[in-house]
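> Working from the sequences, and respecting the hints, build out all of it.
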Amino acid sequence: MRDAVDPFEAIKVVFFQECDELLGDLEAGLLAIESGAADGETVNAVFRAVHSVKGGAGAFGLEALVRFAHVFETLLDEIRSGRKPCDDLTVKTLLRASDVLADHVAAARGQAAPVDEARSAGLVVELEMLTHGETSAPAAETSMTVEAAVEDEFGFRPVAFSFPGLGDDPAVEAAPAGEGWRVVFRPHGQMYVNANESGLLLREMSRLGETTVSLDISAVPDLSDLVAEEGYLAWTVDLVTDAVEAAIRDVFEFVESDCDLSVTPLPAGPARVTVEPAPAPAEEFDVAALLMRAQAEVEAPVTAATPTPDPLPIAKVAPDASGVNAAVEASIAKAAAAPPANNVTPASPAATAAPLAPAAVTIRVDLDRVDRLINVVGELVIQQAMVAQRVVESGLARSSGISVGLEDLELLTREIQDSVMAIRAQPVKSVFQRMPRLAREVGEMTGKRVRLITAGEDTEVDKTVVERLAEPITHMLRNAIDHGLETPSERIAAGKPAEGTVRLAALHRSGRIVIEISDDGRGINRERVRAIAVSRGLIAEDAVLTDDEVDNLIFLPGFSTAEVVSDVSGRGVGMDVVRRSIQALGGRITIASNPGKGSTFTLSLPLTLAVLDGMVVTAAEQTLVAPLTAIVESLTPRPQDIHHVGGHDAVIRFRDEFVPLIDVALGMGFREVPILPETGVAVVIETESGQRAALLFDAIQGQRQVVIKSLETNYQQVDGVAAATILGDGRVALILDCDSIVASSRKKTAIRPELVRPDVHRPDFKFAS
Amino acid sequence: MTEVSNASVSRELIAFRIGKQEFCVDIMSVREIRGWTPATPLPRAPGFMKGVINLRGAVLPIIDLGARFGLSTSEPTARHVIMVAHVGGRMVGLLVDAVSDIIQLTDEAVQPTPDIASDPVKSFVKGLFALDGRMISLIELDRIIPETEAEAA
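Going line by line, the protein sequences match chains A and S.
Per my numbering, the very first residue in the first sequence carries number 1; after that it's consecutive.
Per my numbering, the very first residue in the second sequence carries number 1; after that it's consecutive.
Incorrect hints may appear among the rest.
[To be verified] To give a feel for the contact side, a few chain A residues facing chain S, derived at Cβ under 10 Å:
#: 1; residue: 618
#: 2; residue: 667
#: 3; residue: 687
#: 4; residue: 715
#: 5; residue: 734
[Unchecked claim] With beta-carbon atoms standing in for the labels, derived distance ranges:
#: 6; chain 1: S; residue 1: 71; chain 2: A; residue 2: 416; range: 47 to 53 Å
#: 7; chain 1: A; residue 1: 577; chain 2: S; residue 2: 90; range: 53 to 59 Å
#: 8; chain 1: S; residue 1: 140; chain 2: A; residue 2: 408; range: 49 to 55 Å
#: 9; chain 1: A; residue 1: 646; chain 2: S; residue 2: 34; range: 47 to 53 Å
#: 10; chain 1: A; residue 1: 655; chain 2: S; residue 2: 140; range: 57 to 63 Å
#: 11; chain 1: A; residue 1: 441; chain 2: S; residue 2: 71; range: 57 to 63 Å
#: 12; chain 1: S; residue 1: 46; chain 2: A; residue 2: 392; range: 32 to 38 Å
#: 13; chain 1: S; residue 1: 71; chain 2: A; residue 2: 418; range: 38 to 44 Å
#: 14; chain 1: A; residue 1: 451; chain 2: S; residue 2: 46; range: 50 to 56 Å
#: 15; chain 1: S; residue 1: 114; chain 2: A; residue 2: 394; range: 18 to 24 Å
[Stated by the list, open to error] Below, in silico cross-link-like pairs of lysine to any residue (SDA-like), each with a Cα-Cα straight-line distance of 25 Å or less:
#: 16; chain 1: S; residue 1: 126; chain 2: A; residue 2: 714
#: 17; chain 1: A; residue 1: 463; chain 2: S; residue 2: 126
#: 18; chain 1: S; residue 1: 20; chain 2: S; residue 2: 134
I should point out that these hints are in silico values taken from the structure, not numbers from a laboratory.
Ideal placement from N, C-alpha and C gives every residue a C-beta, glycine not left out.
Structure, rendered in structure tokens:
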């Protein structure tokens, strides 16, 4: 095991990946129990999750994690066996324990600061108290086990494996106490492929008692027939222990399907070959020594059997030294090298297939590869559009073979693009899963009782969007609990249940993903918001604002309504930060508030940051793209529909409604003089907040799917421009940000424009405006 | 440019012309040189931002280097040249009149910029040197892109 460190690290990475999944399952299961939607299988699943974390952690010697998981598991086992009722208090404690367990995992991973010992210890005590609760006879054993595990600070003794629940089984009781078991363990090649290692299993068993290990090499073939990936070795372990059979089988829990395992009561008489004297349980089992001896033993007979080894197979097996040596090593330390066929991304060690969960067949692919594919498909779409344009320019008839073929190509291109985008689509679950914990913690910190309801976790959205959703949602959830919800006493006084409800929901709406965060708290105190805005000089004292506009003041930079700057939210960075990060994603955020009843924040984001259906328009000789999702209708303005409010602000009548008419080219500075509305085309759009406006362009070219190219990569964000794209003629066209165009045209009304841009020096502008 | 800390090490520079003046930049920061193609203007951009062009699928902002230096410039024609440069993790196109030369130079040959205070060129010029009777200004590209207001937008 020369390079034992690297494979070990690789397995560790896989272990932590599995931990993430297991912790997710654990929390989901506990939440299901809490909501009463659980059955017996849920409890079992929760137990298994904790048990698996513990098992893996034991293999890596993560003592603190094992200790905590053990206490956790013990209580869960009591619940599983029905000896402990699963009441509300218990579930709450379990949920907090799952948080601490996650902390332990993060700490073991080196990602987070060491676990808050006091919190962890406190929970251990709580869990123990619950475990001890009202159990009788077997509880004595349990408590001993638990205390031993907890109090033993330095050396964890894995009595953990003697589950008190199983100790009750009369059949197991009949096992010859004090004697032990003979375990015959013959791993298949598949076991090594799945990154399990027999040495670790043997070590795990040695923790149960005194072991006598013998190696059976009879199945090792001649060198010429030897397949390095196969498992030829078998071990017979005589284990002198008090542990029950199930405890031994637990050691092999993850490899059961990949090995032949027999556990029989130990016969009288000594074992045949003693390879390794049994170490004391708490000590490190010397695997290296064992393997060395195993190799020595294998080497002798096999080299004897093949006195003149064929050079070719040796070269095949391993280029160095003795082929047998390498082969034995390869099969024992197999974890390192999964065969290439199994390895989807050779670049990342994480690619070795997870051994559990036989559900849907999935592969792990490096995100870079997917991104490259998406980029290339993006180029394909552009190129296809270019060809189409050339064909049109060449004046070929629409019915010509080329045109027809091109149409098919367009359909195919679009299908490829959709399929590629689907690869990147991910449910928002991964983000939503983190929120229950946050809600609990914030609730605890602020002394509020919170019930978080989530809906639509399976809503799929592009991976880049999912990743960047976490921060704004976290922020808004904190806000909803800290600012939105009242304290239990306030709530009772207001005639509401003491426990506040925060609802987090995701849904698809007209080609976008919408995230709603609503609370049933006090709602926005408009008078206070207004007063603060006036006192901070954000609005003029006599400004006339609608309720909606007042609500939206909280998105202004530097606005925080919390009277006391609390630890939870209100560190000076407020909703403006949220809004900015949402806008950076091409999204919008709006608020609807009902005083005394609660508020709802609505985030609306594009499903993908890669493609967009757009309407290609011309304004002052510039080609622009308006996102199709915003467009309601396009029309040619008639002179009698155009009116002017005040001096020069034009409005257009659209279905008995007057909407502002905005000359886009003028607003973007592409021309100095507005065009006559009736010479252009008006495109009526609806903003995220439901306001309508008509954008005036020179002409409409058509509808097209465009590939979104970031302006920020090489330049910076531009007001009124969402992104750029490349059109069929190879030129760059700007994609309009309709909302910001509308917003900048009406900025001058209520909110003083200079305050919307915090980069402007305020004192200077006091006189200027 | 840590490898040129030794003063005697020579480095390669690429020289270009804007109007009647000659400038140069480190050749390592220039990725490619291409002819002028019409750029798509950006709204409310500063005057030296010529707009953006399509560089094999990437959106490349074009800076009119002459305008950036405060020199008088004319409308770009097909004879103008875009130097695609890597500046501070970004790719930018620098519009110049023509690329004239590749120069080998040691650091000792560079003289500090004389104090000609009000000239806006000075803030971009790292130093001057003489070559065959010509004066060539060594440009610090890091300051070419204005530190953006993107933070505040």
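> At a threshold of 10 Å, is the proposed contact between residue 667 of chain A and chain S supported by beta-carbon distances?
holds (8 Å)
> Within 32 to 38 Å or not, the Cβ separation of residue 46 of chain S and residue 392 of chain A?
The hint (32 to 38 Å, Cβ to Cβ) holds, given that residue 46 of chain S and residue 392 of chain A are roughly 37 Å apart.
> Next item in the hint list is residue 715 of chain A. Is there a CB on chain S closer than 10 Å to its CB?
Where the cut-off is 10 Å and the nearest Cβ of chain S is about 4 Å from residue 715 of chain A, the hint holds.
> With respect to the beta-carbon atoms only, verify the hint that residue 114 of chain S and residue 394 of chain A lie 18 to 24 Å apart.
Taking Cβ atoms as reference, residue 114 of chain S and residue 394 of chain A lie about 59 Å apart, which means the hint is violated.
> Holds or violated: are the alpha carbons of residue 126 of chain S and residue 714 of chain A at most 25 Å from each other?
Within the cut-off at roughly 24 Å; holds.
> Starting from the hint 49 to 55 Å, judge whether the C-beta atoms of residue 140 of chain S and residue 408 of chain A obey it.
With a Cβ separation near 53 Å, residue 140 of chain S and residue 408 of chain A satisfy 49 to 55 Å, so the hint holds.
> Closer than 10 Å between Cβ atoms is the bar; does residue 734 of chain A clear it against chain S? Give me holds or violated.
holds (7 Å)
> Using the Cβ atoms, figure out if residue 451 of chain A sits within 50 to 56 Å of residue 46 of chain S.
holds (53 Å)
> Can you verify the interface hint for residue 687 of chain A: is its Cβ closer than 10 Å to any Cβ in chain S?
violated (18 Å)
> The hint says 38 to 44 Å between residue 71 of chain S and residue 418 of chain A; measuring C-beta to C-beta, is that right?
violated (50 Å)
> Can you let me know if the beta-carbon spacing of residue 646 of chain A and residue 34 of chain S is within 47 to 53 Å?
About 49 Å separates the Cβ atoms of residue 646 of chain A and residue 34 of chain S, which means 47 to 53 Å holds.
> Between the alpha carbons of residue 20 of chain S and residue 134 of chain S, is the straight-line distance 25 Å or under?
Satisfied, since the Cα-Cα distance of roughly 11 Å is no more than 25 Å.
The structure does not agree with the numbered hints 1, 3, 7, 13, 15, 17 stated previously, though it agrees with the rest.
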